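Residue numbers (the numbering used here), protein chains in the order written: chain X, 92 to 461; chain H, 125 to 408; chain W, 127 to 280.
In short, the hints are calculated from the structure, not lab data.
Wrong hints could be hidden among the right ones.
Unchecked claim - Simulated restraints, written as ranges between beta carbons of each label pair:
id: 1; chain 1: W; residue 1: 157; chain 2: X; residue 2: 400; range: 28 to 36 Å
id: 2; chain 1: X; residue 1: 182; chain 2: H; residue 2: 221; range: 20 to 28 Å
id: 3; chain 1: H; residue 1: 162; chain 2: W; residue 2: 265; range: 12 to 20 Å
id: 4; chain 1: H; residue 1: 238; chain 2: W; residue 2: 247; range: 30 to 38 Å
id: 5; chain 1: H; residue 1: 237; chain 2: X; residue 2: 377; range: 56 to 64 Å
id: 6; chain 1: W; residue 1: 227; chain 2: X; residue 2: 345; range: 17 to 25 Å
id: 7; chain 1: H; residue 1: 350; chain 2: X; residue 2: 376; range: 33 to 41 Å
id: 8; chain 1: H; residue 1: 295; chain 2: X; residue 2: 376; range: 49 to 57 Å
id: 9; chain 1: H; residue 1: 238; chain 2: X; residue 2: 234; range: 51 to 59 Å
id: 10; chain 1: X; residue 1: 399; chain 2: H; residue 2: 165; range: 51 to 59 Å
id: 11; chain 1: X; residue 1: 345; chain 2: H; residue 2: 331; range: 18 to 26 Å
id: 12; chain 1: H; residue 1: 350; chain 2: W; residue 2: 161; range: 22 to 30 Å
id: 13; chain 1: H; residue 1: 237; chain 2: X; residue 2: 296; range: 36 to 44 Å
Stated by the list, open to error - Some but not every residue of chain X turned toward chain H, in silico, with C-beta under 10 Å:
id: 14; residue: 114
id: 15; residue: 116
id: 16; residue: 188
id: 17; residue: 189
id: 18; residue: 198
id: 19; residue: 295
id: 20; residue: 297
id: 21; residue: 300
id: 22; residue: 374
id: 23; residue: 387
id: 24; residue: 393
id: 25; residue: 405
id: 26; residue: 423
None of these values were measured; they are calculated from a predicted model.
C-beta atoms are modelled at their ideal positions from N, C-alpha and C, and glycine is treated no differently.
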Amino acid sequence: MRAVLAPEALEAIVEVLRRRDWRVVAPTVRDKAIVYDEIASAAELPIGWKDVQAPGSYRLERRDDEARFGYAVGPQSWKRELLAPSARLLQIERANESFEVVKNAAETKRTAFFGVRPCEVAAIKIQDRVLIGGSYTDEDYLERRTNSFVIAVNCGEPAANCFCASMGTGPKAEDGYDLVLTEILDGSHRFLVEAGTDEGAELLAELPQQPAEKADTTAAEKVTDAARKRMGITLDRSDVHDLLLANLEHERYDDVAKRCLACTNCTLACPTCFCTAIDDANSLSGEGNDRVRKWDSCFTLQYSEMHGGGTRRETKSRYRQWLIHKLSTWHDQFDTLGCVGCGRCITWCPVGIDIREEVAAIRATQEAKS
Amino acid sequence: MAQTLTETAGSLEAMTPVPYAVTATRQDTYDTWTLELEPVNGAPIVPGPGQFNMLYAFGVGEVPISNAGNFETDERLVHTIRAVGAVTKALCAAEVGTVIGVRGPFGNTWPIEDAKGKDVVIVAGGIGLPPLRPAIYHVLKNRKDYGRFVLLYGARTPSDMVFLDEVKSWQSNYDVDLDLIVDAGDTDWKGKVGLVTKLIPPANFDADVAKGFIVGPEIMMKFVAQELMNRDLPAESIYVSMERTMRCGVGLCGHCQVGPTLICRDGAVYTWAEVEKLLAVKEL
Amino acid sequence: MKTLDAVIAESPVFAGLTQEQLEFIAGCAQNVHFDEGQQIAKRGDPADVFYLLRMGEVALDIDVPNKKPVRVDTVEPGQVLGWAWLIPPYQWNYDVTATELVRAVSFDGACIREKCASDNELGYALLTRFSQVIVGRLQATRLRLLDIYGTDSH
Chain X
92 MRAVLAPEAL EAIVEVLRRR DWRVVAPTVR DKAIVYDEIA SAAELPIGWK DVQAPGSYRL
152 ERRDDEARFG YAVGPQSWKR ELLAPSARLL QIERANESFE VVKNAAETKR TAFFGVRPCE
212 VAAIKIQDRV LIGGSYTDED YLERRTNSFV IAVNCGEPAA NCFCASMGTG PKAEDGYDLV
272 LTEILDGSHR FLVEAGTDEG AELLAELPQQ PAEKADTTAA EKVTDAARKR MGITLDRSDV
332 HDLLLANLEH ERYDDVAKRC LACTNCTLAC PTCFCTAIDD ANSLSGEGND RVRKWDSCFT
392 LQYSEMHGGG TRRETKSRYR QWLIHKLSTW HDQFDTLGCV GCGRCITWCP VGIDIREEVA
452 AIRATQEAKS
Chain H
125 MAQTLTETAG SLEAMTPVPY AVTATRQDTY DTWTLELEPV NGAPIVPGPG QFNMLYAFGV
185 GEVPISNAGN FETDERLVHT IRAVGAVTKA LCAAEVGTVI GVRGPFGNTW PIEDAKGKDV
245 VIVAGGIGLP PLRPAIYHVL KNRKDYGRFV LLYGARTPSD MVFLDEVKSW QSNYDVDLDL
305 IVDAGDTDWK GKVGLVTKLI PPANFDADVA KGFIVGPEIM MKFVAQELMN RDLPAESIYV
365 SMERTMRCGV GLCGHCQVGP TLICRDGAVY TWAEVEKLLA VKEL
Chain W
127 MKTLDAVIAE SPVFAGLTQE QLEFIAGCAQ NVHFDEGQQI AKRGDPADVF YLLRMGEVAL
187 DIDVPNKKPV RVDTVEPGQV LGWAWLIPPY QWNYDVTATE LVRAVSFDGA CIREKCASDN
247 ELGYALLTRF SQVIVGRLQA TRLRLLDIYG TDSH
């Protein structure tokens with residue numbers, strides 16, 4: 092099912108969903124960045140804004156059009172909606188000489204993610220695999236995921252740090268959405284919309300629309316083709332699994348360790364990073380504690396800490412852990428790559444470490460050897 | 125949402141500590157205690173040899189501890205704990221009647237079925253003996269199903285050895301080649317002194333038909349595995365129990381990964397062939 | 127029971143020596159035994175002898191003031207006891223005690239040492255072999271410095 096929407100029809104999407112009492116979370120401008128937050132109107136979309144990204148750099152600039160999705164990706168990802176930054180799993184209360192446990196099953200409202208980039212759709216699929224695809228299911232995530240409704244928006248504006256084309260996750264979403272839009276800005280501003288699920292089709296049926304002509308689909312293809320071409324291939328993933336495992340003690344890790352601050356920004360900004368700490372937070376009265384699941388990062392010493400010390404004491408070991416996990420061992424663990432090429436780790440690294448450059452540096456010596 | 129999700133075990137249930145009452149405590153060494161546990165309500169869990177539980181001290185926190193029970197004859201949970209951190213200190217301070225939380229069992233087991241008809245060589249270092257105790261009792265109980273049974277136990281000093289009387293009773297009651305060694309002893313110590321690897325060259329087993337189980341600190345397991353390989357025991361026949369930080373126990377939190385593997389999900393028992401290269405990389 | 131010659135020839139520490147060298151060494155050897163608890167050597171004594179253990183264990187102890195002596199090593203059957211006869215100042219470094227009935231071959235170290243001084247080939251051969259014994263003990267001692275049992279929490 093396919094149709095064309097006028098820009099004004101986006102308001103209808105928000106209206107229809109809010110009438111159903113769903114939350115609508117979408118990109119919006121706040122604090123000089125495009126963030127994801129609940130919106131009440133399509134007017135809150137980042138109309139006429141673009142993001143200019145470089146390693147360690149992000150700023151918003153005005154566009155010379157009224158594009159609704161004329162940017163690449165912001166600092167946040169949908170991870171914060173699905174894998175909550177902090178979630179109370181249990182309350183453990185003292186009871187007589189024993190204790191009682193209250194399980195906190197998440198209760199979430201149906202939520203539409205409006206404006207999910209193809210790389211982010213891919214990231215959600217990866218987290219599905221990790222958190223609800225194994226022998227144990229994270230119920231908090233499952234609840235939020237089951238209540239999610241994905242409106243993807245294909246990408247026409249990749250930033251300088253984007254490399255989804257290299258990772259095979261974009262700039263066009265192939266599946267994993269309920270609805271997908273492509274914003275066309277070739278003189279007549281319009282959106283090609285396609286339904287990916289029955290529920291998506293139901294929503295589409297409620298929207299004011301025009302039939303999609305051949306010219307519209309061709310124009311939409313052009314948008315993502317141009318984006319793909321602009322990005323090019325900047326990370327060769329064909330043999331990266333074996334490349335990194337064969338070079339675990341590569342001197343490049345010493346080099347990157349001189350730059351890396353182990354600040355954890357990359358892991359927090361990453362849409363696939365799933366590591367969490369399970370902390371017991373005790374009440375002051377000593378009568379109970381909350382068991383809380385929080386985002387954690389492999390860049391901290393505490394992450395690998397056991398009595399007698401941490402496994403990864405040096406920054407280079409922590410960077411290596413992160414890099415090989417993303418591009419190599421994630422595959423062994425979950426049968427998928429852990430990187431979608433969104434570029435957030437590059438943009439939001441305070442010193443601009445670029446995952447693509449680090450892999451290329453390792454590859455360069457490998458090629459020199461062979 | 126767009127894709128079908130498979131129904132599997134829920135993490136919330138697995139993350140919920142179940143109240144168990146301490147029914148007996150014993151101080152094994154100056155810093156190590158053994159707790160026996162029975163559920164406050166209902167039937168106890170029955171772990172396999174090599175599996176671990178997450179033990180929760182109320183208001184303090186949770187740690188992974190191997191099962192040390194003799195599950196051949198006794199359903200009580202047994203955990204031997206060394207007081208090294210806040211949680212383990214709280215657990216070791218538990219008295220009879222104290223209620224602690226248990227969740228598990230998690231992880232895989234020693235390949236005791238595969239070892240049937242074969243020689244079994246068990247090498248334990250320090251407090252590495254308790255995680256092997258369920259497997260030892262299995263072999264002793266089913267002694268005729270196994271070939272030669274070699275049990276080598278090393279510790280820093282004689283006073284660091286746990287269950288020493290019990291270990292000696294195995295020697296007097298069963299057909300087991302027991303050898304003990306310490307880094308340093310005193311003149312009352314009748315066993316050997318030196319590195320634990322010294323016990324391996326003269327040990328009585330046939331490398332062609334033997335399985336080796338090792339538990340101890342990583343460094344000790346490295347030396348022991350190497351010495352077993354010097355006896356021509358293949359790396360595929362040597363099993364070790366790995367240890368890393370654990371938080372969830374069910375493969376979701378990411379902490380226990382070592383390269384391609386998550387210890388709580390894929391281990392903690394691995395063949396030496398699986399982990400030798402990983403452990404050779406510093407801080408992997 | 128094996129002959130003395132055979133025991134010596136089969137011992138790894140003498141492996142690869144010429145027939146002539148083996149015969150000389152056998153000429154300096156005799157069977158000995160120690161009862162359980164019997165002292166074999168005392169720290170500081172002249173080291174004019176070394177042993178090849180055939181049966182039973184011996185313990186190496188160091189006396190520590192105001193404490194029980196510390197047992198720092200044991201030597202088991204098949205191993206060589208004593209290298210101090212070859213290295214100046216030719217003194218025993220530990221108190222050596224039989225912890226059970228010990229049967230051993232004892233060698234006249236003083237005699238062999240004298241021969242080594244004039245027969246450099248034999249001297250080199252023995253020094254090489256005893257260096258391996260010493261290095262083995264050194265390695266085992268160094269590895270024990272790691273406190274290899276110290277950090278486990280299973």
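Hints, verified against the model:
{"no.": "1", "hint": "W:157 <-> X:400: 28 to 36 Å", "in the structure": "violated, 52 Å"}
{"no.": "2", "hint": "X:182 <-> H:221: 20 to 28 Å", "in the structure": "holds, 24 Å"}
{"no.": "3", "hint": "H:162 <-> W:265: 12 to 20 Å", "in the structure": "violated, 47 Å"}
{"no.": "4", "hint": "H:238 <-> W:247: 30 to 38 Å", "in the structure": "violated, 53 Å"}
{"no.": "5", "hint": "H:237 <-> X:377: 56 to 64 Å", "in the structure": "violated, 46 Å"}
{"no.": "6", "hint": "W:227 <-> X:345: 17 to 25 Å", "in the structure": "violated, 58 Å"}
{"no.": "7", "hint": "H:350 <-> X:376: 33 to 41 Å", "in the structure": "violated, 53 Å"}
{"no.": "8", "hint": "H:295 <-> X:376: 49 to 57 Å", "in the structure": "holds, 52 Å"}
{"no.": "9", "hint": "H:238 <-> X:234: 51 to 59 Å", "in the structure": "violated, 41 Å"}
{"no.": "10", "hint": "X:399 <-> H:165: 51 to 59 Å", "in the structure": "violated, 36 Å"}
{"no.": "11", "hint": "X:345 <-> H:331: 18 to 26 Å", "in the structure": "violated, 41 Å"}
{"no.": "12", "hint": "H:350 <-> W:161: 22 to 30 Å", "in the structure": "violated, 37 Å"}
{"no.": "13", "hint": "H:237 <-> X:296: 36 to 44 Å", "in the structure": "violated, 59 Å"}
{"no.": "14", "hint": "114", "in the structure": "violated, 15 Å"}
{"no.": "15", "hint": "116", "in the structure": "violated, 14 Å"}
{"no.": "16", "hint": "188", "in the structure": "holds, 6 Å"}
{"no.": "17", "hint": "189", "in the structure": "holds, 4 Å"}
{"no.": "18", "hint": "198", "in the structure": "violated, 13 Å"}
{"no.": "19", "hint": "295", "in the structure": "violated, 14 Å"}
{"no.": "20", "hint": "297", "in the structure": "violated, 19 Å"}
{"no.": "21", "hint": "300", "in the structure": "violated, 21 Å"}
{"no.": "22", "hint": "374", "in the structure": "holds, 8 Å"}
{"no.": "23", "hint": "387", "in the structure": "holds, 7 Å"}
{"no.": "24", "hint": "393", "in the structure": "holds, 9 Å"}
{"no.": "25", "hint": "405", "in the structure": "holds, 6 Å"}
{"no.": "26", "hint": "423", "in the structure": "holds, 3 Å"}
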